[in-house]
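Throw the hints in and build the complete structure from the sequences for me.
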Amino acid sequence: MAGFSSSTSPEREARTMSLMYFSNEFPNDDLRGLLRRLQDLGKLREYPLLANFVDAATRVLHDEIRKLSTGLRSTLPVFDTIFSVADRPELRKGPLSGSIDGILLCTLELGTYIAYAETNRATVDLASSTNSLAGLGIGLLAASALSISPKLDCLPVAAAEIIRVAFRLGTLVYEVSQDLEPTDFIETL
Numbered sequence: 001m002a003g004f005s006s007s008t009s010p011e012r013e014a015r016t017m018s019l020m021y022f023s024n025e026f027p028n029d030d031l032r033g034l035l036r037r038l039q040d041l042g043k044l045r046e047y048p049l050l051a052n053f054v055d056a057a058t059r060v061l062h063d064e065i066r067k068l069s070t071g072l073r074s075t076l077p078v079f080d081t082i083f084s085v086a087d088r089p090e091l092r093k094g095p096l097s098g099s100i101d102g103i104l105l106c107t108l109e110l111g112t113y114i115a116y117a118e119t120n121r122a123t124v125d126l127a128s129s130t131n132s133l134a135g136l137g138i139g140l141l142a143a144s145a146l147s148i149s150p151k152l153d154c155l156p157v158a159a160a161e162i163i164r165v166a167f168r169l170g171t172l173v174y175e176v177s178q179d180l181e182p183t184d185f186i187e188t189l
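Counting in the numbering used here, the sequence shown runs from 1 upward without gaps.
No lab work stands behind these hints, which were simulated from the structure alone. Even for Gly, the Cβ is constructed at its ideal location relative to N, Cα and C. Among the hints, erroneous ones may be present.
Under the rule of at most 20 Å between Cα atoms (straight-line distance), these lysine to any residue pairs were calculated in the SDA-like manner [what the hints assert, rightly or not]:
1. K151 <-> T119
2. K151 <-> E25
3. K93 <-> E25
4. K93 <-> T75
5. K67 <-> E46
6. K93 <-> E181
7. K43 <-> D101
8. K93 <-> K43
9. K151 <-> E46
Distance windows between CB atoms, simulated [said to hold, decoys possible]:
10. L172 <-> P89: 20 to 26 Å
11. R66 <-> P27: 27 to 33 Å
12. T70 <-> I148: 20 to 26 Å
13. T119 <-> G71: 17 to 23 Å
14. N120 <-> R59: 48 to 54 Å
15. Y21 <-> V173: 20 to 26 Å
16. E175 <-> T16: 41 to 47 Å
17. C154 <-> S18: 17 to 23 Å
18. K151 <-> D55: 18 to 24 Å
19. E90 <-> T130: 40 to 46 Å
Below, the structure written as structure tokens:
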């Protein structure tokens, strides 16, 4: 029988592990209020990476909407930034509700992380072996943006591409559901 010592060395005590978990659910707080706060932070010069993420994510979303069929594209309004989508709650009930929910959740999670990292730059090390990432559902997409970013400055571009993936995933789910059980949702608009 092997014996284990409970003594700890100073070196062992200094090592801590951090877990970053990205959920598949929206927080209970007011979603529009949270996104508005992120939008306001992105306008401050102390948050250039957040501003880069918002700009890149907005461009990606415009690009993905341009690629939609005319019928689906007509269900989406023109918007200035990705945050403007949250001001149209009816979009979360339409044919692209999965896409809208996906981009809003990823925007909230990644935007919040970027804002946190810019505020606490000295304590954030994406490449550290003591950091672990976890996610559930759409949260896995957000976690993957961090996992492929070797440093914080690379995160806005990776995060914007995750917005693209989230939108496409929601669109694919809609298309497959239409193949299985067609609805006349677009014709009734």
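We went through each hint and held it up to the structure:
Only pairs whose Cα atoms come within 20 Å are accepted, and K151 paired with T119 is accepted, the gap being roughly 15 Å. Proximity of K151 to E25 is assessed by CA-CA distance (about 27 Å); at most 20 Å being required, the pair is judged violated. In summary, the hint linking K93 to E25 is supported, as the alpha carbons are separated by about 16 Å, within the 20 Å threshold. For the hint linking K93 to T75, the alpha-carbon distance of about 11 Å falls within 20 Å, and the restraint holds.
The hinted pair formed by K67 and E46 fails the criterion: a straight-line CA distance of about 34 Å is larger than 20 Å. Simply put, K93 and E181 have alpha-carbon atoms about 17 Å apart, close enough for the 20 Å limit, and the pair holds. A threshold of 20 Å between alpha carbons decides the hint, and for K43 with D101 the separation of about 24 Å lies outside it, so the pair is violated. For the given pair, K93 sits about 30 Å from K43 by alpha-carbon distance, which is inconsistent with the 20 Å threshold.
The hinted pair formed by K151 and E46 meets the criterion: a straight-line CA distance of about 18 Å does not exceed 20 Å. Between L172 and P89 the C-beta distance comes to about 23 Å, which sits within the given range of 20 to 26 Å. One distance hint, 27 to 33 Å for the beta-carbon pair R66 and P27, holds here, with the actual separation near 31 Å. The beta-carbon spacing between T70 and I148, approximately 34 Å, falls outside the hinted interval of 20 to 26 Å.
Take T119 and G71: their Cβ atoms lie about 43 Å apart, and the range 17 to 23 Å is violated. Look at N120 against R59: about 27 Å separates their beta carbons, and that is not inside 48 to 54 Å. For Y21 and V173, the Cβ-Cβ distance of about 23 Å falls inside the hinted range of 20 to 26 Å, so the restraint holds. The beta-carbon spacing between E175 and T16, approximately 45 Å, falls within the hinted interval of 41 to 47 Å.
C154 and S18 have their C-beta atoms about 19 Å apart, which keeps the hinted 17 to 23 Å range intact. Taking the beta carbon of each, K151 and D55 are about 19 Å apart, inside 18 to 24 Å as hinted. Between E90 and T130 the beta carbons are some 44 Å apart, a value that agrees with the proposed interval 40 to 46 Å.
In summary, the numbered hints that this structure violates are 2, 5, 7, 8, 12, 13, 14.
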